[in-house]
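K.L.:
For chain V, the structure is supplied; the task is to place chain L on it using the hints.
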Amino acid sequence: MYMTAALRRAPSAFRLGLKDGAPFILVIIPFATLFGVVSREAGLDAFEALAFSVAVIAGAAQFTALQLLNEQAPLLIVLATALAVNLRMAMYSASLTPHLGAAPVWKRALVAYFLVDQVYACSAVRFEENPHWRLDQKLAYFFGAVLPVCPLWYVFTVVGALVGAAIPGWMALDFAVPITFLALIAPMLRTLAHLAAALTSIVLALALAFLPYNLGLLLAAVAAMMVGARVELMMRSEA
Amino acid sequence: MTPDIDIDTATIWTVILVLGAGSFVLRFSFLGMIGAKPLPEWVLRHLRYTAVAVLPGLVAPAVLWPAATGGEPDLARGLAALAVIVVGLVTRNVLAAMAAGAGVLYAVIGATAALAL
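Protein chains in written order, with this note's numbering: chain V, 623 to 861; chain L, 105 to 221.
The following block holds chain V by itself, in its conformation from the complex (with noise of 0.2 Å):
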């Protein structure tokens, strides 16, 4: 067993990233697409939404931005809304320090910039399965899983904002994104701990909806994070 983890070398983890974020390449398309068409609707030309796919690389951010702008919201509450909105990616930032601390500050910074839902969820899964990878396989699988998502959000938004308005509202493109965020979810469930975990971010998610600046997130969060820890503490006592 440590014989074959030690001869894995970095390729072998760089396709594993390729693979695993090769099916987002169906969500993002449509995703990206529709950044893009909500871009040029709100009044943006092809390169204004571009830099802001570039610069921000966050959907969820940058619709929530763009809906603001629209509804003549003053700046501060643009920038702080989205800004909230992206508060879980310093808790991804939390959650793979302990794997890819070590690595180079610049290899951080680029890790940091890529650390997007889909990429952080993939590593997650896969960095606490593979305990043995050294640091550079992790980096590996990282930037294989980047590979086939953050491209493609720039060029789609492109093509989104070119086409305008071009998709119709049946098509539900909206839909794409709770669909992967679904799917990359259900893997997670291994463990009871991981199960209470989930569902108390459900259930605090819902019962805080009303909270402004996506605040009811953040506490559903951090309380189904207790959740979880306590429930593999007890979990342990018992085995």
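Don't take every hint at face value.
What follows is a set of in silico ranges between Cβ atoms, one per label pair, in the way DEER data are often shown [as the list claims (entries may be wrong)]:
| # | chain 1 | residue 1 | chain 2 | residue 2 | range |
| --- | --- | --- | --- | --- | --- |
| 1 | L | L193 | V | A829 | 18 to 26 Å |
| 2 | V | W728 | L | L179 | 33 to 41 Å |
| 3 | V | L817 | L | L219 | 34 to 42 Å |
Bear in mind the hints are in silico, worked out from the structure with no lab data behind them.
Positions of the beta carbon are idealized from the N, C-alpha and C atoms, including for glycine.
P.N.:
Just chain L now, kept in the frame of chain V:
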């Protein structure tokens, strides 16, 4: 406030640049500050549940109260979500789960449209 429909260029670029920088700071935060310093076991124990604590809460309101329908629960989206969860749990395959969700979503949208005719 000007009554213009278009958002003015300066505002757009301010949002793009500040939101971009702010998002990077959030993503770099722990990776940048803590780096290779070892974290205590109780912190690691909580961090193991980050993904499963954030994503379900992120998606639950979008499933029950989709913005695209003005927050009204929607049969197609609800059934599609259910299909993703069931197929995801059974197969543990992200692609199969997403395909099942898209299939159910369009099947129900198509059936609803056919019934309305």
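K.L.:
Each hint should be assessed against the structure and marked as holding or not.
P.N.:
Status of the hints after comparison with the structure:
no., hint, in the structure
1, L/L193 x V/A829: 18 to 26 Å, "holds (24 Å)"
2, V/W728 x L/L179: 33 to 41 Å, "violated (49 Å)"
3, V/L817 x L/L219: 34 to 42 Å, "holds (37 Å)"
Checked against the numbered hints above, the structure breaks only hint 2 and satisfies the rest.
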